[in-house]
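For the record, the sequence lines run as chains A and B. The first sequence runs 0 to 471 under numbering that gives the first Met the number 0. The second sequence runs 0 to 479 under numbering that gives the first Met the number 0.
Keep in mind that a hint or two might mislead.
[Unchecked claim] Partner residues are not named here, just some residues of chain B that face chain A (Cβ under 8 Å, in silico):
hint : residue
1    : N81
2    : E95
3    : V98
4    : Y101
5    : D233
6    : T237
7    : Y308
8    : D370
[Claimed, not checked] DEER-style ranges, computed between Cβ atoms:
hint : chain 1 : residue 1 : chain 2 : residue 2 : range
9    : B       : E411      : A       : T259      : 48 to 58 Å
10   : A       : K183      : B       : A331      : 31 to 41 Å
11   : B       : S366      : A       : K183      : 50 to 60 Å
12   : A       : Q264      : B       : A331      : 48 to 58 Å
No wet-lab data here; the hints were simulated from the structure. Ideal Cβ placement from N, Cα and C applies to all residues, glycine included.
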Amino acid sequence: MSWNTVIGLEVHSELNTRTKCFCGCKNEFGNKPNTNCCPVCTAMPGALPVLNRDAVERAILMGLAVGCRINNYSVFERKNYFYPDLCKAYQISQLEYPLCVGGGLEIELEDGTKKFIRLNRIHLEEDAGKLIHSARGTMIDYNRGGVPLIEIVSEPDMSSAEEAVAYLEKLRSTLLYVGVSDCKMQEGSIRFDVNISVNRDGEPLGTRTELKNLNSFRAVLRAIKYESNRQIEELEAGHPIIQETRRWDDEKGKTYSMRTKEDSQDYRYFPDPDLIPLEVTNEYIESIRAKLPKLAPQRVTEYIAMGLTEQDALLITQERAYADFFENVLSYFNEPKFVCNWITAEVFKKLNALEVDDRKITVQPKDLAEMLRLYKDGEINQAGARKIFDVLWDGGTEPSKLVESLGLKQMNDTGALTEVLQKIVADNPKAVAELKAGNEKTMAFFVGQAMRATQGKANPKLVGEIVKELIK
Amino acid sequence: MKYLDYSLTEIIDLLNSGQVTSQELVRECFDRIKETQDLNALNSTYFDEAMKRAGEIDAARARGENVGALGGVPVVLKDNINYLGTRTTCASKFLENFVSPYTATCASKLHDAGAVIIAKANMDEFAMGSSNENSAFGAVRNPVDTSRVPGGSSGGSACTVAARQCFASLGTDTGGSIREPASFCGVVGIKPTYGRVSRYGVVAFASSLDQVGPLTRTVKDNALMLNVIAGADDMDMTASKVAVPDYLADIDKGVKGLKIGVAKQFFSDKLSGDVRTALEQAIEWYKEAGAEIVTVDLPSLDTALAVYYVISSAEAASNLARFDGVKYGVRAENYADVVDLYFKSRTQGFGKEVKRRIMLGNYVLSSGYYDAFYRKAKRVQKVIRNEFSEALKMCDCLISPTTATTAFKLGEKSGDHVAMYLTDIFTVPVNIASVPAISLPCGKDGQGLPIGMQLIGKHFDEATLYRVANAFETAHKEDK
Numbered sequence: 000m001s002w003n004t005v006i007g008l009e010v011h012s013e014l015n016t017r018t019k020c021f022c023g024c025k026n027e028f029g030n031k032p033n034t035n036c037c038p039v040c041t042a043m044p045g046a047l048p049v050l051n052r053d054a055v056e057r058a059i060l061m062g063l064a065v066g067c068r069i070n071n072y073s074v075f076e077r078k079n080y081f082y083p084d085l086c087k088a089y090q091i092s093q094l095e096y097p098l099c100v101g102g103g104l105e106i107e108l109e110d111g112t113k114k115f116i117r118l119n120r121i122h123l124e125e126d127a128g129k130l131i132h133s134a135r136g137t138m139i140d141y142n143r144g145g146v147p148l149i150e151i152v153s154e155p156d157m158s159s160a161e162e163a164v165a166y167l168e169k170l171r172s173t174l175l176y177v178g179v180s181d182c183k184m185q186e187g188s189i190r191f192d193v194n195i196s197v198n199r200d201g202e203p204l205g206t207r208t209e210l211k212n213l214n215s216f217r218a219v220l221r222a223i224k225y226e227s228n229r230q231i232e233e234l235e236a237g238h239p240i241i242q243e244t245r246r247w248d249d250e251k252g253k254t255y256s257m258r259t260k261e262d263s264q265d266y267r268y269f270p271d272p273d274l275i276p277l278e279v280t281n282e283y284i285e286s287i288r289a290k291l292p293k294l295a296p297q298r299v300t301e302y303i304a305m306g307l308t309e310q311d312a313l314l315i316t317q318e319r320a321y322a323d324f325f326e327n328v329l330s331y332f333n334e335p336k337f338v339c340n341w342i343t344a345e346v347f348k349k350l351n352a353l354e355v356d357d358r359k360i361t362v363q364p365k366d367l368a369e370m371l372r373l374y375k376d377g378e379i380n381q382a383g384a385r386k387i388f389d390v391l392w393d394g395g396t397e398p399s400k401l402v403e404s405l406g407l408k409q410m411n412d413t414g415a416l417t418e419v420l421q422k423i424v425a426d427n428p429k430a431v432a433e434l435k436a437g438n439e440k441t442m443a444f445f446v447g448q449a450m451r452a453t454q455g456k457a458n459p460k461l462v463g464e465i466v467k468e469l470i471k
Numbered sequence: 000m001k002y003l004d005y006s007l008t009e010i011i012d013l014l015n016s017g018q019v020t021s022q023e024l025v026r027e028c029f030d031r032i033k034e035t036q037d038l039n040a041l042n043s044t045y046f047d048e049a050m051k052r053a054g055e056i057d058a059a060r061a062r063g064e065n066v067g068a069l070g071g072v073p074v075v076l077k078d079n080i081n082y083l084g085t086r087t088t089c090a091s092k093f094l095e096n097f098v099s100p101y102t103a104t105c106a107s108k109l110h111d112a113g114a115v116i117i118a119k120a121n122m123d124e125f126a127m128g129s130s131n132e133n134s135a136f137g138a139v140r141n142p143v144d145t146s147r148v149p150g151g152s153s154g155g156s157a158c159t160v161a162a163r164q165c166f167a168s169l170g171t172d173t174g175g176s177i178r179e180p181a182s183f184c185g186v187v188g189i190k191p192t193y194g195r196v197s198r199y200g201v202v203a204f205a206s207s208l209d210q211v212g213p214l215t216r217t218v219k220d221n222a223l224m225l226n227v228i229a230g231a232d233d234m235d236m237t238a239s240k241v242a243v244p245d246y247l248a249d250i251d252k253g254v255k256g257l258k259i260g261v262a263k264q265f266f267s268d269k270l271s272g273d274v275r276t277a278l279e280q281a282i283e284w285y286k287e288a289g290a291e292i293v294t295v296d297l298p299s300l301d302t303a304l305a306v307y308y309v310i311s312s313a314e315a316a317s318n319l320a321r322f323d324g325v326k327y328g329v330r331a332e333n334y335a336d337v338v339d340l341y342f343k344s345r346t347q348g349f350g351k352e353v354k355r356r357i358m359l360g361n362y363v364l365s366s367g368y369y370d371a372f373y374r375k376a377k378r379v380q381k382v383i384r385n386e387f388s389e390a391l392k393m394c395d396c397l398i399s400p401t402t403a404t405t406a407f408k409l410g411e412k413s414g415d416h417v418a419m420y421l422t423d424i425f426t427v428p429v430n431i432a433s434v435p436a437i438s439l440p441c442g443k444d445g446q447g448l449p450i451g452m453q454l455i456g457k458h459f460d461e462a463t464l465y466r467v468a469n470a471f472e473t474a475h476k477e478d479k
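Start from the sequences and build out the full structure, keeping to the hints where you can.
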């Protein structure tokens with residue numbers, strides 16, 4: 000009998016509000032420690048939280064984007080536990096009455112099939128501070144304390160590491176589309192916990208473990224694979240799975256037990272008496288819905304109508320930044336297919352060489368539009384376009400001037416090209432014979448020779464025409 | 000004593016007419032504080048700062064500037080109210096050296112109205128107690144009889160006003176902590192409607208029950224103080240936006256035509272003879288003054304104390320968890336790791352009663368007990384609230400004793416927690432129902448100890464309480 004893996008994910012995502020969730024301090028990453036702090040977010044005696052409406056709005060926005068039902072009545076509760084980064088010794092969170100419930104995301108699997116991953120809930124809570132371990136001892140930075148977070152809890156609907164990662168990618172993409180979080184994994188603004196169990200076909204669900212300290216998609220992928228194998232091996236060896244929290248060690252590629260259920264914390268949740276229940280009217284919810292930006296599916300439809308293939312449309316909409324860039328380029332140069340091809344080939348090649356967090360398009364849409372126009376008009380050839388694109392990517396600008404300064408203007412002069420090609424044809428009788436015999440591939444040889452002779456400036460289309468003419 | 004026998008309202012007239020300066024008042028207060036320091040009413044005093052501020056106000060007044068409703072009047076804050084740069088100890092060893100990095104809204108309202116804050120008053124540690132014997136800085140004594148307790152937890156706030164060390168003070172009331180000491184010390188104290196006064200900057204005991212309120216020597220003084228401190232606050236979501244009336248506007252209108260409710264549950268056999276007699280006389284007086292006395296029923300009143308100890312302890316356990324030795328306050332020495340640091344700091348920093356409540360609170364919130372205790376208590380709270388609103392539909396306010404007995408002896412109940420908790424049996428239900436209530440003197444017992452009566456009002460109807468209380472006080476002035 001084969002094994003099934005059952006995976007549920009809890010994703011914490013910091014909301015990009017201007018100020019913190021319950022006070023007026025700046026919500027900003029990278030400031031000097033303990034500078035974005037006040038009596039409220041450092042838990043001075045007597046300080047009280049005041050809910051940031053903007054955080055509520057962003058949480059609702061995300062809820063609406065993934066089809067959640069927004070509760071008209073939700074309650075903030077205190078999750079009580081001691082830890083030095085948690086200055087009140089409780090985290091303000093939601094338990095019994097979360098802000099958003101239900102909803103889900105459709106993911107696409109490797110083989111092209113689609114799967115719907117249900118969400119259990121999205122609730123609003125606050126982040127804790129950060130411990131900094133140094134030679135002088137452990138220090139605490141409360142800048143992050145009180146930053147608004149949404150916790151997005153999935154149902155256990157994923158059955159492989161690949162599905163889990165596809166879900167996370169889709170979720171991250173949606174957060175970026177909605178624009179409520181910057182999703183920087185390195186800065187910890189999006190974090191993942193994995194719940195995982197295994198069971199044999201037809202048997203009830205197994206005991207689950209929770210995996211922590213997963214800081215990248217790759218870590219999630221590897222950790223799930225490791226953990227499901229570990230659980231299967233344990234069970235096959237006759238050992239029961241213990242319900243526990245396990246820490247992923249990325250270097251060793253293993254998970255380690257952190258704490259078992261027996262010594263797990265009793266959080267003693269209860270409604271926070273400092274915060275009145277959050278009541279949102281349907282009118283308010285609808286006013287937020289009206290602010291929802293165009294999401295991927297809608298853009299896919301629009302792009303297909305522009306003439307893109309579905310595959311291209313899906314590719315270019317996988318991140319809002321790419322789709323926005325595409326639309327921006329189109330506003331200068333309205334050739335959807337042509338622009339899309341360049342982005343999905345050349346731009347994506349650049350991006351994929353970067354870490355996920357660092358994937359930022361560094362070319363100005365206007366410049367790319369101008370370059371593509373030059374390319375389409377035959378002013379430059381593909382090799383020239385690539386050279387210019389490299390310069391633009393590294394901060395260059397004004398493609399027309401680059402054509403001049405880099406000497407990339409395409410050679411479209413039939414007379415001059417004929418002169419060059421006459422010599423090549425004369426020097427390569429064997430290739431001429433092959434081409435005459437109908438081996439079209441040999442044409443590439445002539446184009447290559449022509450390029451070499453013209454420092455890459457020859458118009459390849461013209462080269463083909465002239466060669467055919469010459470060997471007639 | 001030249002000026003300290005005047006009421007707050009009277010002294011403001013003297014200040015405004017130039018017959019006395021704020022600095023003179025501050026000086027007299029400090030003379031009196033020194034004279035009566037055995038009462039142990041105050042945890043910190045600020046003579047230099049107070050003199051400087053009084054001087055500024057005197058100068059401003061001399062220039063004809065508006066110095067505010069309390070311009071130049073020396074007042075005292077309970078030691079759980081933050082005031083920038085002053086120690087806020089909550090009478091706990093844990094916060095012995097804690098200096099406020101900010102000011103509570105109620106304190107800044109007092110400041111903005113021209114009050115001169117001269118001291119912080121002793122209290123039961125973290126406002127937990129009914130006798131002011133739970134202070135890390137020693138018990139406060141009742142100025143009427145120094146062998147007796149002043150009541151608690153705002154014992155210092157009541158004592159300092161009764162002993163004429165100042166003209167008014169602020170206290171906090173979670174289950175009777177303003178009214179019980181007011182009653183024991185023979186002063187006026189109000190627990191406003193929950194949400195009437197901002198809690199921002201007031202160190203929380205039980206957040207859903209805590210209210211700040213003034214303690215004064217007269218009802219009018221009290222109304223004037225509440226005028227200043229009441230109102231909405233952007234820093235406190237539980238502070239109500241209901242408009243604040245002028246509590247002095249209708250205060251002299253008398254009780255003719257008003258209905259005063261009497262619930263038999265407030266007049267149980269636990270009541271001492273003298274207290275019963277005093278209350279009966281008060282009710283009789285109101286009848287003669289033209290009020291109609293109606294009988295109302297509060298069948299679940301007995302459950303309030305249990306509800307109170309579940310809810311208040313649960314909230315306290317969570318509120319006091321921030322006192323962990325990491326950020327401020329006492330940090331134990333020689334700890335092995337962070338858990339040991341928490342354990343030792345809290346063990347050394349908190350007094351017995353505080354520890355008892357923390358344990359109780361964590362117990363009722365813990366997994367497996369939450370439904371049986373916390374959730375049930377919240378449900379019963381709703382029942383009690385409904386009974387109060389039903390009762391208050393039939394009348395303008397309720398009358399009851401504030402406490403079943405007058406001030407007891409120091410040490411008399413300190414071994415018996417239940418007896419101590421029972422002291423609050425008439426005041427606690429008011430916090431559970433979140434309605435306002437005022438305590439004012441209504442005579443003395445055979446030993447000359449003050450007896451307090453409690454008037455309980457509708458939500459946000461403090462004005463009626465002041466009116467009804469003022470009528471009685473005005474008619475009984477000579478008795479004092």
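Outcome of the hint check:
1. N81: holds (5 Å)
2. E95: violated (13 Å)
3. V98: Violated, because the Cβ-Cβ distance from B:V98 to chain A comes to roughly 11 Å (cut-off 8 Å).
4. Y101: holds (5 Å)
5. D233: holds (7 Å)
6. T237: holds (6 Å)
7. Y308: violated (15 Å)
8. D370: Hint violated; B:D370 Cβ to chain A Cβ min 12 Å, cut 8 Å.
9. B:E411 x A:T259: 48 to 58 Å: holds (50 Å)
10. A:K183 x B:A331: 31 to 41 Å: Holds: the Cβ-Cβ distance is about 39 Å, inside 31 to 41 Å.
11. B:S366 x A:K183: 50 to 60 Å: violated (35 Å)
12. A:Q264 x B:A331: 48 to 58 Å: For A:Q264 and B:A331 the Cβ distance comes to about 22 Å; the hint is violated.
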